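S.K.: Here are the chains, one letter per residue:
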Amino acid sequence: MFVVSPDRRDVDAPPPGPSPRRSLDRERDLASLAVLAERTRPVSSSQTRLLPVVPPLADLLPDGGLRRGSTVVVTGLAGGGPEGSGGDISVALALLAAASGTGSWCALVGLPGLGAVAAHDLGIDLARSAVVPRPGVAWAEVTAALIEGVDLVMLCPPFPPRPAMARRLVARARERRSVLVVVPGRAGWPEHPDLHLGVSDMRWDGAGTGEGYLSGRRMTVTATGRRSAARPRHRHLWLPSATGAVAEDATGTGTAG
Amino acid sequence: MDRLLVLRCPDLLDEDEDGAALRSFVEVVDAMEAYCPWITTVRPGLCSLPARGPARYFGGEGALIRSIVGATSDITPVEVGVADGLFAAVLAARRGLVVPPGGTPDFLAPLPVGILGNPGLAELLARLGIHTLGDFAALPASHVLGRFGSDGVTCHRVAGGRSGELAELRQPLAGRRLDEQRRGGRPDGAPRRATVVDEPGFWGGVSDTDVRAGRSLAAVQDLLGPDGVVTARLQGGRGPAQRARFVTWNAREPQEDSTLGAPWPGQIPPPAPVVVHPTPLRAELVDARGEPVRVSGRCLLTTAPGRLSVEEAPWAEVTAWAGPWPSDERWWSRSRRRSARMQAVAGAEAYLLLVERGRWWVEATYG
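These protein sequence lines map, in sequence, to chains V and X. For reference, each letter of the first sequence is one residue, going 1047 to 1303 in the working numbering. For reference, each letter of the second sequence is one residue, going 56 to 422 in the working numbering.
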């Protein structure tokens, strides 16, 4: 029973040697500098066309950020558990993190059990985030009202949306220059989004047969979309990493397909 | 909705240069305060008070009105009305009416939509052949939001007598200046410029984005009730459910908790789960042969986990697990019980499990 499996964290951590780690550190420093520069800027105004996204995810987006007025649909790996299936909520929250950290308001609709610590660790500013845990049958009206004044609206529809309803929300987001991030789960989403992010190849690290702790999860995220984003892009990520944030999985062990 | 008595002083609605109107209104409010201490100044020349309690005390709404008119009509001509909600009560005062309890929707129904003070909306409604508040109120709420936005929803609720608050009705700044007057601070009645500057943003925010977001969130609270919109505050605690608390959204609340950085013994290290179930989900955990997995008194598993089922969903193979760790704390039940936590990866999901008295629960999902 107490078979000691190799601790993945040790295997995957860059060796303490000199060169490869240096360049990695530098890259990371530069990235955090960029984030800092973004943070010190005044609250993202409605004039800017793009809302910032954390670096490893930004590579997936055709513009390198979330285009105002666009709709993004995030789906997880099939076979996920109830309320939260296979990484979709994590990806959606990570998508909001950088914009939230730079002053944009977020609203999360239809998420009765938001893990606030996880959201905080991903970089979401909880003070500028509002949760509508149980919108009930009024979910579409609630979402429409939020799109009017909130930059980023994350929607987990509690019921399968009718196509006309979905179309209206998409149109409203476009008109109001907000970003609508839909996590359809089992309810589904009848509209073709501007961008679709899908999770594949998920693997948790850190736990074995009793020893350790869950320390992070590797996943492959694939982005497909319209026009400039028509060609699928893949990224191997740690989401969450050992700190609870999102990081690039440099080893790229995923077998994207 | 509150039953409100509104007192309207038609001669004092506009502020004049020397502040005489404002001073007279202060006298009116002072005189009314003898009857009821909970007077709200809506705007210059207009104040309201909750009617129910004082009416019972004075022996009916009629008697209350007579007393108030008697006390104030020496100062200036006054009009009094009673209805449910501020909007209807102001209209009732203009006509000197007492709208019976529950009769507000019928009172409002024949009035023209223009009375809502939203010309854009009135024009749009007129083009759709909707001319009265009653016709407007008859539209389904979901269509109103889709077509007229959140302002439309506010007006729709007011038109149907379900809310009495229109943003334009109140002038908080005037109310504040009145209070200042009544405290005798500024006998000349000239409004201090500074009050405009230090007036806190209505939503407690500073930027335009905050104001916009605040309006949207308030519209949702109109729709779902105040508890429909919450915001998370982090705090110290062991389990994921204890580490955050959700409070009703209110722009004026102070932020963040100080216990966040404090180390908590027995806390499971990060990453934290993305979904913390408001009520734990029932789970079954068995070994490869289908025997239930139990935790011994020394916090050891009796057998290796093989399959997990959450809320009677199909079994998923457990591919990895960590723990169990004892968690000797109060959980959702009041009594102190022995319990243990364990992380398990099953299917495409990782769970934080809690076992108590031989029963397994999913406390959180790493989603």
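Keep in mind that the hints were calculated from the coordinates and are not lab data. Keep in mind the model is a prediction, meaning the values are calculated, not measured. Hints may be right or wrong, so weigh each one.
[Claimed, not checked] Distance ranges between label pairs, derived from CB positions: (1) X:Asp-69 <-> V:Gly-1234: 31 to 39 Å; (2) V:Arg-1249 <-> X:Thr-357: 25 to 33 Å; (3) X:Glu-223 <-> V:Gly-1110: 39 to 47 Å; (4) V:Arg-1232 <-> X:Arg-337: 16 to 24 Å; (5) V:Val-1183 <-> X:Ser-364: 27 to 35 Å; (6) X:Gly-117 <-> V:Pro-1236: 26 to 34 Å; (7) V:Thr-1297 <-> X:Pro-281: 43 to 51 Å; (8) X:Arg-293 <-> V:Ala-1296: 47 to 55 Å; (9) V:Gly-1234 <-> X:Glu-366: 43 to 51 Å; (10) X:Pro-65 <-> V:Pro-1236: 30 to 38 Å; (11) X:Pro-369 <-> V:Pro-1236: 54 to 62 Å.
Note that the Cβ used here is the ideal one computed from N, Cα and C, for glycine as well.
S.K.: Taking the hints in turn, state whether each one holds.
M.R.: Comparing the hints with the structure gives:
1. Checked against the hint of 31 to 39 Å, the pair X:Asp-69 and V:Gly-1234 fails, with Cβ atoms roughly 57 Å apart.
2. Checked against the hint of 25 to 33 Å, the C-beta distance between V:Arg-1249 and X:Thr-357 comes to roughly 28 Å, which is consistent with it.
3. Evaluation of the 39 to 47 Å hint for X:Glu-223 and V:Gly-1110 yields a pass: the beta carbon distance comes to about 43 Å.
4. For V:Arg-1232 paired with X:Arg-337, a C-beta distance near 19 Å keeps the hint of 16 to 24 Å intact.
5. The supplied range of 27 to 35 Å is met by V:Val-1183 and X:Ser-364, whose beta-carbon atoms lie about 30 Å from each other.
6. A beta carbon spacing of about 58 Å between X:Gly-117 and V:Pro-1236 contradicts the range 26 to 34 Å that was offered as a hint.
7. Remark: the range hint 43 to 51 Å for V:Thr-1297 to X:Pro-281 is upheld by a beta-carbon distance near 49 Å.
8. Distance hint check for X:Arg-293 and V:Ala-1296: the Cβ-Cβ separation is about 34 Å, which falls outside the suggested range of 47 to 55 Å.
9. The hinted range of 43 to 51 Å is not satisfied by V:Gly-1234 and X:Glu-366, whose Cβ atoms lie roughly 20 Å apart.
10. For X:Pro-65 and V:Pro-1236, the Cβ-Cβ distance of about 56 Å falls outside the hinted range of 30 to 38 Å, so the restraint is violated.
11. The hinted window of 54 to 62 Å between X:Pro-369 and V:Pro-1236 is violated, with their beta carbons roughly 27 Å apart.
In summary, the numbered hints that this structure violates are 1, 6, 8, 9, 10, 11.
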